[in-house]
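Asker: Throw the hints in and build the complete structure from the sequences for me.
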Amino acid sequence: MKMMMIHPNRCIGCQNCELACSIAKGTDSSLGSSRIHIFTWADSGVSVPTVCQQCGDAPCVTVCPTGAMHQDPNAGYVVWDSDRCIRCKMCTQACPFGDAVYSARQDVILKCDTCQGDPQCVKNCPEHALEWVEDRQSTLSRRYSYAERFKEPLEEL
Amino acid sequence: MGTVALTGLNGNDIVITHQCRVFKRPADATERTVNIVKYDITHNSPTVMSMAKKTELKLVEQKGKPKEIPPQYPIKTSSIQKQAEARTADTLAQKCLENCMLNGIQTAWDRLDLQKPQCLYGLNGICCVRCTMGPCKINPEHDQTRGVCGADADLIVARNLLDAIVTGAAAHSDHGREIVETLLKIGEGKAQGYAITDAKKLQSLAHEFGIDASIKDEKEIARTVGDAVLEEFGSRKEELKFVRRVPPKTLALWKEAGIIPRGVDREIVEAMHRIHMGVGADYTNILLHGLRTSLADGWGGSMIATEFSDILFGTPAIVKSQVNLGVVKEDQVNISLHGHNPLLSEAVIRVAGEPELQEYARKTGAKGINLVGLCCSGNEILMRQGVPIAGNLLNQELLIATGVLDAMVVDYQCVFPSLPQTAACYHTKVITTSPKSIIPGSYHITFQPENAEDVARTIIRAAIDNYSRRDPAKVFIPGDPVTLYAGFSAEAILNALGGTLDPLIDAIKKGTIRGIVGIVGCNNPKLRQDHSHVILAKKLIAKDVLCVETGCAAIASGKAGLLTPEAADMAGGNLKAVCKALGMPPVLHVGSCVDNSRILLICAAIANTLNVGIHQLPVVGAAPEYYSQKALAIGSYFVASGVTTVLGPMPNIGGSAGVVNLLTKDLSKAVHASFLVEPDPEKAADRILEIIEEKRAGLGI
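Chains as they are written, first to last, in the numbering used here: chain A, 9 to 165; chain B, 18 to 718.
Think of the hints as simulated: they come from the structure by calculation, not from any bench.
Check before you lean on any hint, since a few could be wrong.
[As the list claims (entries may be wrong)] Simulated pairs of lysine to aspartate or glutamate, EDC-like, Cα-Cα distance not exceeding 16 Å: (1) LYS556/B - GLU707/B; (2) LYS133/B - GLU135/A; (3) LYS526/B - GLU237/B; (4) LYS33/A - ASP130/B; (5) LYS131/A - ASP130/B.
[As the list claims (entries may be wrong)] Chain B residues, not near chain A, derived (Cβ > 12 Å throughout): (6) VAL146; (7) LYS254; (8) ASP282; (9) GLY297; (10) LYS346; (11) ALA621.
The model shown is predicted, which means the values in this text are computed figures rather than measured ones.
Backbone N, C-alpha and C define an ideal beta-carbon position, used for all residues, glycine too.
Answerer: Encoded structure:
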């Protein structure tokens, strides 16, 4: 199953992902439709993307009174159903990451749905800070660079 | 998703056909919202789709008896073949491209892949880098709703678009200026080897410019006309001279809209003025001036270039020649003439046949000197001299990769700065000839009318000297050339019809020819090369629509065999009958990109005969694969003249709903024509046919 892996160290804060998401998902032409959000600290040059983590035991699902927020077993992500939603906004309070956002103007919950498994933000990231990878491969690069640290000292022995 | 009807929506909506969504401005919006048109960035790039998974190049091991492989053909992997097929529909280019990919020779396609994913600010025109208070971008997500100066998305997009249009207009107009300056030099006796070829046209233009008819000396006429035409570039006139050629009903629309062009350079300078920070902020006002500037190109700079090139080098008549990468010859010195201005290429053609140079070539072991054209320079010498043409925009690097190109001689426009890099893999010498167009890594020799022939001889000698430096192991000629017919200037078409446009107009009235479509413009590596051009032309002629083509589009049709009388078999029954009767192709090669002015004149002639405005004619424009700023200028002057134009690639304006609306809808209130964006050539054909029928209904035919 594929999942989103974020590498904040690679993020340059270009916001291409936000534009791509708004363009792909926006229903009323406003750029304020992005489901992914970038925070940049100008003093340190650090940028961090945040987006719905598609939790398995999702607080937003637990708290939803109507089942509008629910797990889609086939898709493998948390789905928001606009027709069932009563806009109580409990999900926005429950999400520990703050990535379920209520937009009053559009009257929708802005929450990532992985673009049906073909995320546009990933495609538009020039730095590969966002990756769409198989679950067991998601931390491959980090495991590999850690393991690589042993290579040289062990070679010398 | 799919096509959404234009009716029934309020004026705040943007509607783009195919693969796009309808965006509605919310009724209760309190702050300015930015309307973003969805631009499907992956649609136009099959290469991105196929490269999404990086495929490894592997030599496939052959079990059993080893295949005999000539040294320059390592075994192709199917992924390279697939990639080449996805990149271009030109079969010879496919083979050349496979060869390049195998040998690690970078092409424009590769560089596009490296650039992806492209910046969405740039793609939507909401990036402004003009002044040092910036750079600015629009992104309400971060409260960036205005640039530092206060420019909103509409203004930033409008300024960027105006810049593109006038850059294109400037290119055409500067080219036109150089032709007129050469005419002046002929008048002063200082233009080596140049002469008046179409004296009748010079007389006719002298009359048009009100030159004293008593002047009989050709040189004096040349000087006087030259002086008068150079005035067109200045600030003294209220309107360009050629505005008198515009049908009165079209001119009335321009007067109402305030877009009658006054001076070629003047409009461009005013446009650049308006692009400066703090000069107005009304996108409609800004873009109307953009239209005016484009008209100063179409009915100004470009028309001047065409008319005076005809005077200097001859008005084209129907000519038969050959096209595609296979026009190079292994046993001859191959010289390609690339760029746009026929001043250079005509001089080279003139001297190439000289006995000394022919002998010099033979001494080196070559059977002769083979001149081939590329892009619009190629089109100019094809139209007038029947010189074979090697290809269009995306063929320029591939031509070097045939390994038999001894010199790539260029002047300006559409010449990739990467050519010396490609040439370095081979023996080819890239030779630049204009001080306006110098490329690091190439050779330069400045070309002027005063010493044109001497320079041409030097260039040819350099190419002949280079012949022996060919590496036989790198020779790769991908196939044989095909036949095409070109030279369909307005005068040639008139001639073929017996001296009057009446047969054509009658056919249109009767409906045996439903209408005329001008397919123009470039290649773009974001789209499969030549694919849209050919599909569009084939679909239109099958419905009895006559196609007139210029530039890279015409070359694409040529490669596909559409520019031959035999291609009439692909046309609908009525058009086929007309073509067979006249022995003409169903698709007419009208010339280079400045020769789009020929299409304007044909439209004007038909409109004047029917006593209507150009916007009432069943005539539509299409630029299915354009890339350049020049193409945007051409599209603008066609639309401003009343010819609705369908673009393939979306221009970088998606960030402003206002600008998109203006171009696709509101413009029609002023000039009764507009732009459409439709990347799918089949759908574009359908829409064009609808528009043609609407126009016919309007005329009652």
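Asker: For the pair supplied as a hint, LYS33/A and ASP130/B, is the alpha-carbon distance within the 16 Å limit?
Answerer: Answer violated: LYS33/A to ASP130/B is near 25 Å, above 16 Å.
Asker: Grab the minimum beta-carbon distance between ASP282/B and chain A and tell me whether it stays above 12 Å.
Answerer: 38 Å, holds
Asker: Please check whether the beta-carbon of GLY297/B is more than 12 Å away from every beta-carbon in chain A.
Answerer: 25 Å, holds
Asker: CA of LYS556/B to CA of GLU707/B, is that 16 Å or under?
Answerer: 13 Å, holds
Asker: With a cut-off of 16 Å on the C-alpha distance, tell me whether LYS131/A and ASP130/B pass.
Answerer: Between LYS131/A and ASP130/B the Cα gap is close to 13 Å, so the pair holds against 16 Å.
Asker: Closest CB-CB distance from LYS254/B to chain A, is it above 12 Å?
Answerer: 43 Å, holds
Asker: Is the claim that LYS346/B lies outside the interface with chain A correct, judged by CB distances over 12 Å?
Answerer: Non-interface label on LYS346/B holds, nearest chain A Cβ at 45 Å vs cutoff 12 Å.
Asker: Grab the minimum beta-carbon distance between ALA621/B and chain A and tell me whether it stays above 12 Å.
Answerer: Holds: least Cβ distance 40 Å, greater than 12 Å.
Asker: Holds or violated: LYS133/B with GLU135/A, Cα cutoff 16 Å?
Answerer: Given that 16 Å is the threshold and the Cα spacing comes to 11 Å, the pair holds.
Asker: For VAL146/B, which was marked as not at the interface, is the minimum beta-carbon distance to chain A over 12 Å?
Answerer: 15 Å, holds
Asker: If you draw a straight line from the CA of LYS526/B to the CA of GLU237/B, is it 16 Å or shorter?
Answerer: This hinted pair is violated, its Cα atoms lying about 45 Å apart.
Going down the numbered hints, you'll see the structure goes against 3, 4, while the others check out.
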